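Chemist: Go by the hints and put chains B, C and D onto chain A.
Residue numbers (this note's numbering), protein chains in the order written: chain A, 1 to 208; chain B, 1001 to 1103; chain C, 2001 to 2393; chain D, 3001 to 3166.
Derived by calculation from the structure, the hints in this document are not laboratory data.
None of these values were measured; they are calculated from a predicted model.
Be careful, since some hints might not be right.
[As the list claims (entries may be wrong)] Below are the DSSO-like pairs computed for lysine-lysine, each with C-alpha atoms no more than 30 Å apart in a straight line: (1) A:Lys8 - C:Lys2056; (2) A:Lys148 - A:Lys81; (3) C:Lys2084 - A:Lys24.
[Unchecked claim] On the chain C side, residues computed to face chain D include the following (Cβ under 7 Å): (4) Asn2131; (5) Ala2132; (6) Ala2139; (7) Ser2142; (8) Met2143; (9) Glu2145; (10) Phe2149.
[Stated by the list, open to error] According to the in silico footprint, chain C covers these stretches of chain D (three or more CB under 8 Å from chain C): (11) 3024-3037; (12) 3060-3067; (13) 3095-3105; (14) 3120-3132.
Just so you know, even glycine gets a beta-carbon here, dropped at the ideal spot from N, CA and C.
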Amino acid sequence: MLGAGILKGLAETARNFLGSYVSKDRLTTVQFPEERPPRIEASRNFPFLVYDGTDPQEGLRCVSCFICEKECPPKCIFIEKSTDKKPDATGKPQFYPARFNIDVSVCMSCQICVEVCPFDAIKMDNAFELSATDRFDALLWNKQQLAKSNNYYHEIHPTEAAAVDAELAAARAKTAAAAAASAAAAAAKKLAAPPIPPTPPTNGDDIL
Amino acid sequence: MSPLNAYLLLSALLFSIGLAGVLTRRNAILVLIGIELMLNAANLNFIAFWRYGPNPAALTGIMFAIFSIAIAAAEAAVGLGIILAVYRHTKTTDLDQLNSMKG
Amino acid sequence: MIVPDTVDQIFVLSKHWLLGYVPTALQPIVSAILSVAPVLVVFPLLFAITTVLERKGLGRIQNRYGPNRVGPYGFSQPIADGIKSLTKEDIVPRSADQVVHLLAPLLLVMAAFLAYAVLPIGRNMVLTNLNAGVLFFFAVGSMVELAVFMAGWSSRSKYSLLGAMRAVAQMISYEVPLVLASIVVIMASGSLSTVAIVNLQASYTSIWPHWFIFTPWGFTGFVLFMIAATAESNRSPFDLPEGESEIIAGYYIEYSGFKFALFFLGEYLGMFATSGLAITLFLGGWAAPFSFLTWIPSYIWFFAKLLALICVFIWIRGTLPRLRMDQLMGLAWKFMLPMTLLNIFTAGVWHFMPSGFTRWLVCTSLLIVPCLLLSRGLKQRKKLQIRTYRFAE
Amino acid sequence: MTLFFLIAAALTIAGTAAAMSLRNPIHCILSLTLGLVGLAVLYLQLGAQFVGFTQVLVYVGAVAILAVFAIMMTRSAGSPQQPAFSRSWLSGSAVAVVVFAVLAWAISSALPSTKIVPPQPAVSVNQIGDALMHKFALPLEIIGLLLTAALIGAVIVAMPERRETP
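The shape of chain A in the complex, shown without the other chains:
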């Protein structure tokens, strides 16, 4: 019939119009500041440095090995290695970054730094309310702004954080077992050959 298409279209828009007042599921818009959309776990925005324990300076996992700086495609990570060492989570003295800057205006949140980091020191955050008044300094985040605790990591990426922690714990357990096994083997060797004159004092090899 002539004009049927137009009438069907008009009926459809009328149904939409009236439906939006009646059934709530038609209107999916979230009034942002008042209602918050649920945080999607796998979403990512900009990287952040993870630190164990409570003190961001002491517990920082990053050992400034520069891998992420080399791998970063837009080259937005800038690290300065420290001169002295500090003990890391397993007690082994490691370097730490004296300065660790990420230029957030350049970062394209590609997560390559997270994939290449051997120490799980850098992870992706999904905070998005990041407006700043200055385009240059305010968007160059230094170490203090980047460092966030491990339990924050658990808060935003629960499953991934749990997996990372499990791996870390397993790695520590393995090294501890290996250390114990090598200590036991050394003790057994000392036991089996007592007459060997005492070896020269160990020059502080690490306990690993």
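Modeler: Okay, now just chains B, C and D, sitting in the frame of chain A:
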């Protein structure tokens, strides 16, 4: 200076402005506009004579003006059609250059 | 029934009451100002409300909220838009023709406002009771095309000229069906004066009103009039001149700031004016829909019908996609023109046939059958050959 | 010679004079429309409402747009390179002035300047309609015929010949 004289003087002025335009302008379309003006001046005369004339109820002045507006519109349409055809043929609307009858 | 009458004539009485205080010398001027001022206030306010209704309506049609941040439920959004357009910088392109560039929006808004002089808003509430009211309306309406062309040409940019040419071509080719669709009512009511037309429709049999829309030729006339009115005010399916996708914003591309807002004001005022005329001609102006509702003041009915028509405009804008230029022209000259001429013929037949069922049957069939044939004829796909330009060399 | 008449006359004269003297054709057309609106106001002042509105509808609505389209299509929109007036502009304007002088002299001397002004004849659209249908029915039919012929003629004249296109 009775009102009728004023209107007649005004339409005479309009007519002469239109005539001046027709005689002096170079662009064919503006010559056509001049002709339109002359027709309008005549219309003004008709309405003035109808208003101040002896027998306004006969409506002849108004009828003449209405028909003359209709004819002027038709004439403008055909005139512009001719100007377009001439332009397509000779690529110019400058009347000083259109002085040869050769097709 | 004294109370409703005074309420109905409240504006007319208050005007006369105010005039009492004015010295007789100034009487005519002040009475003119007193009757023009409300129109200059009410319709821009209606324009403000319509912009919000439009955005909220279109939003709801697309399952989203319209503007709801500025003011309660977003209803002070027009104030925000107004301030924005006032404070925005008014850039005039260097190569533009300054004088014509400035005059275009002024002429557009002036022509749009002039059209309200003949619309009867309420019982004896009309600015000027012209004997040739409808002719005045179309005479003023035809000035809008010139303003649109001036806007497009004076901003000296390809897009604006293209948009202006499209807009002028569309408005001219839809003015013909618009005038012919209104001729039907003039022929039936026997007078060009809008007040007489509305008075003719204001009578009732039992409870049913005598509106012209309830006759076959009246209904087709109304539908054709509304299609032509949508095209005349460059809205919804016919908003080709400002087709955002193709030529950005058509003839008002080089305008910014207040002149840009003037264009919108002009466009919306034009829409209100043509739908006001549609109400006057077909929907019985200020007449109440049923005889038992006449106690409600007359101006309420005019604005209620106007709001209803505005909602229909918005509804159509939310539904129909934009027409292509040749479809647009084809519809105007191949469908609308024959249908309006046929409608005039049917009104003649309606006038001379004795009233009764046969008259209804004859007239509706006289209209339906050619309408189907015409549209069936238009539908067959013409084979698309290489486009030959007939005029532009 | 009311003030209102003077204003309308001034508007018309200014519009038409500008239409004939400006360089840019588009400006000419726009000032022409101003002059024609002034003329319509004069008609209204003379009491011929119907003619005034028809004048605005036909001239401002259609003829002005037609002329503008013609100017656009013949690419003479910008201000013309060569001078806007033809070489013989001096003699042309002289002829016009002479014509005006003759007309003015004829008008002022011919009519006795009667001061009595006949009352404003109230003409309603119905009377015009009746006159058109009864007394002037034949001219109406002829005008209809003429307008259709002009319509078709203008289109045929303006259309390029079919042979020319490849």
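Chemist: Let me make sure I understand: some of the numbered hints might not hold for this structure. Which ones are they, in numerical order?
Modeler: Numbers 3 and 13, in rising order.
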